[in-house]
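Asker: Listed here are the chains, written in short residue letters.
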Amino acid sequence: MSFSTDSYLRRAEREDLDTVVAWMEDEDFQHFLYGDPTRSPKQIREHIVSMLGRSVGHTMPGGLYLIIDSPSQGPLGMISLQNVSWRNRSCNLDFYLGSKGMRNHMMTAIAVYRALEYCFDELNLHRVAAYIYAFNTPSWRIFQKAGAIRELVMRNHIVRNGNLYDVYGYGLLRREFEAVRAQNKSMHSVSLQQMILKLAEVEDDTPMDEAATP
Amino acid sequence: MCVEIQNDCCICMITLNNGYIRMAEPDDARALCWLYLDGKPRAGLLDNRREPLIPTVDELRELLGRHEAAMGNLFAIEDDIGEVMGFCNLRGMTQDTGFGDLAMMFLSDDTFQSTLADSVMHFVFERSFEKSQRKRIYASLLSCETCFRDFLIRHGFESNGVQREVIYTGGNWLNLESLSLDTSI
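Chains as they are written, first to last, in this note's numbering: chain A, 1 to 214; chain B, 1001 to 1185.
The set of hints was computed from the structure by calculation and includes no laboratory data. Among the hints, erroneous ones may be present.
[Unchecked claim] For the chain B half of the interface with chain A, some residues (derived, Cβ under 7 angstroms), not all of them:
#, residue
1, ASN1048
2, ARG1049
3, ARG1050
4, GLU1051
5, ASN1160
6, GLY1161
7, GLN1163
8, ARG1164
9, GLU1165
10, ILE1167
11, TYR1168
12, SER1178
[Stated by the list, open to error] Footprint (simulated), chain B over chain A, 3 or more residues, beta carbon under 8 angstroms:
#, segment
13, 78–90
14, 126–135
15, 144–152
16, 167–179
Values in this document were obtained by computation on a predicted structure and should not be read as measured data. All C-beta atoms in this analysis are idealised placements derived from N, C-alpha and C, irrespective of residue type, glycine included.
Only chain B is shown next, with the shape it has when bound in the complex (with noise of 0.2 angstroms):
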């Protein structure tokens, strides 16, 4: 069960089992910026050409602190005592469509086997399909994230193919993955 405290535009924090999830702020910066920095891929992180991107802390300071990163929907996901596990990011895809983009990323792989992991996946098909009345959800994945891979799958996503020879680190070509979820399933 969500426990969501709202002021007047967004949401500030809710429950859920085992941790909270809230808007992302500029004092997440650090917590963000190791995700880019700690040698895994992740599909999440890179940008419109499928590069990775090695920011800076005071870059994604000063990225969270802008009124449309306040605003939008990139969430901090907290345990039980408030250290920062890992980050949610929901995005409108099509307007015509109806669909959206998910971005799920943990510090630890470990955390996608938690309750935690799971009841922030509810909280994104209650955001998703019942408030934004989204009908189709995507997530896109690199060949390397199998735990976030088989989350997915635990979660009712299903494979819509995977686009081969895509990025290029780690001296290896990486393949990427779509996988979907729609709203009648």
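The shape of chain A in the complex, shown without the other chains (with noise of 0.2 angstroms):
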């Protein structure tokens, strides 16, 4: 199978500048991310170049740029933790993984997981916010599987191709994370590749390839 649970987190770095581009370049990029309600996908595109390699480590930026790496396959997509608020512990999460051929369900569950774990175990936050087209279905199912609730639905709030389409506001509080995680623990298996699998059942037939990202 094309998913790799060797995957791990990392800064992004100048370095990645020309991956991150060529991932921008790609159309799916415009179709699928949301973001930032109000920024253009240009405006948030700029900011993700001038952005990366600059925040500093150790200090609290109110936006942060994670690669998800892997040791056999290398950089497979971008997690961007947005509006960072240390005071609300809250952020907007947006991911995208670069590699089509990674867009799977499983890889898709793997962004999700990892990023989700970041933001309240190591960064320590109370809630994680995101913002999904309501024809992304694979994300707000995994974002769903997770534990988080759809509190907004603004409805024919975004133009792509010339058609409105319905924008669904995701918020995941920490201890709903928690209760998902410890119910996984207790069913079978404490391992991550069990939580993992859980996260990634799909209930539709929708394509794969339409697992892209908010």
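Build the complex: two chains, separate frames, hints provided.
Answerer: Structure, rendered in structure tokens:
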């Protein structure tokens, strides 16, 4: 199978610029990425490029860009934590799998799980939010499986290919993520693999290549 | 009925029922600052990270004096004797869909039940839907902003949902609700 559990997160560096820019040139990046509702995709792209390798590791930045890397397969995708509030202990999460071959549900689940673990276990956040297009079903399904609640429905909010689509706002609180994690642990195993497999279960026949990200 | 007095580039003052609305200016800094300091959290005063700010009067004065602020959409609302009662902010949100974002704050919550507040909302509708051709107005409010919520519902806004435990202030978690009104309503 085209997935790997040897993936890990690291901060994006200047050397990642070419890889990230290549991902951004993919039309899926424009199509699926939502991010901050007050910024256009072009603004988001310019911001990401300007931020690469600039945030200092030990301070408390307002935004973090992390690369999902794998020793065997190289950089797989990017996770962006935006509007990080250290006062409210919250952030907005975006993730993008650059490698199309990796956009199966398993890889998406790994990316989401690793990002959420990082937010709650390392950054000690209280809440993670994500804005996801309604047509990006695999992404919001995986978010729901991680315990997130659909809190907002903004009807006909975004234009893609001349059509209006709904946008969902999801919120996941720390206690909800911990409850899902505890539930998975009590079932069979404490292994990461088991939890990821549970997260990656899908209930529909949505094509795999739609499993790009919010 | 609104009476609009304009110069070449911006609105100077509009007469409303029982008051006036005009572009905010540096002399409004003290009244604006009080909104930050009166102990009532307001969604309209939060930054991008949904964090409350504690600006000084000087900082606000400088902000209100900037060219982009003077040409922007922050309005001061006055009663009929010229005392500042509150502020109204109208911003463009996304260009492709033509949405706007509204914040309205009064020094006293009782003002939301007045004819002055109603006429401010009519001004907002006229400016957003007719002049700016916006199709939808969004407004965000905290769970403690009940008077503002009642006011919006009374004017036809509908809830898009509630984001839970978004802001920590006063020792409590507060929810953030999004409401919207479409031009077709």
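Asker: Each of the hints needs a verdict: does it hold here or not?
Answerer: Checked hints:
1. Hint status for B/ASN1048: holds, given a least beta-carbon distance of 6 angstroms to chain A, under 7 angstroms.
2. Because the smallest distance between the Cβ of B/ARG1049 and any Cβ of chain A comes to about 4 angstroms, under 7 angstroms, the interface hint for this residue holds.
3. Residue-level restraint check for B/ARG1050 holds (minimum Cβ-Cβ distance to chain A is 6 angstroms; threshold 7 angstroms).
4. This hint holds: B/GLU1051 has a C-beta 5 angstroms from the nearest C-beta of chain A, less than the 7 angstroms allowed.
5. Nearest Cβ of chain A to the Cβ of B/ASN1160: about 5 angstroms, under the 7 angstroms cut. The hint holds.
6. Given the 7 angstroms rule on beta carbons, the hint for B/GLY1161 holds: about 4 angstroms separates it from the nearest Cβ of chain A.
7. Because the closest C-beta pair between B/GLN1163 and chain A is about 5 angstroms apart, less than 7 angstroms, the hint holds.
8. Interface hint at B/ARG1164: satisfied, since its Cβ lies 6 angstroms from the closest Cβ of chain A, which is below the 7 angstroms cut-off.
9. Among the interface hints, the one on B/GLU1165 holds; its C-beta lies about 6 angstroms from the nearest C-beta in chain A, closer than the 7 angstroms criterion.
10. Hint status for B/ILE1167 relative to chain A: holds, with the closest Cβ pair at about 6 angstroms, below 7 angstroms.
11. For B/TYR1168, the interface hint holds, since its Cβ comes within 7 angstroms of a Cβ in chain A; the closest pair sits about 5 angstroms apart.
12. Restraint check, B/SER1178 versus chain A: the minimum CB separation of about 6 angstroms is within 7 angstroms; hint holds.
13. With a cut-off of 8 angstroms between beta carbons, the segment 78–90 of chain A has 7 residues touching chain B; three or more are needed, and the interface restraint holds.
14. Evaluation of the coverage hint for the segment 126–135 of chain A: fulfilled, as 3 residues show C-beta separations to chain B shorter than 8 angstroms, against a requirement of three.
15. Coverage of the segment 144–152 of chain A by chain B holds [criterion: at least 3 residues with CB-CB distance below 8 angstroms; count 4].
16. Under the rule that three or more residues need a Cβ within less than 8 angstroms of chain B, the assignment of the segment 167–179 of chain A holds, with 3 such residues.
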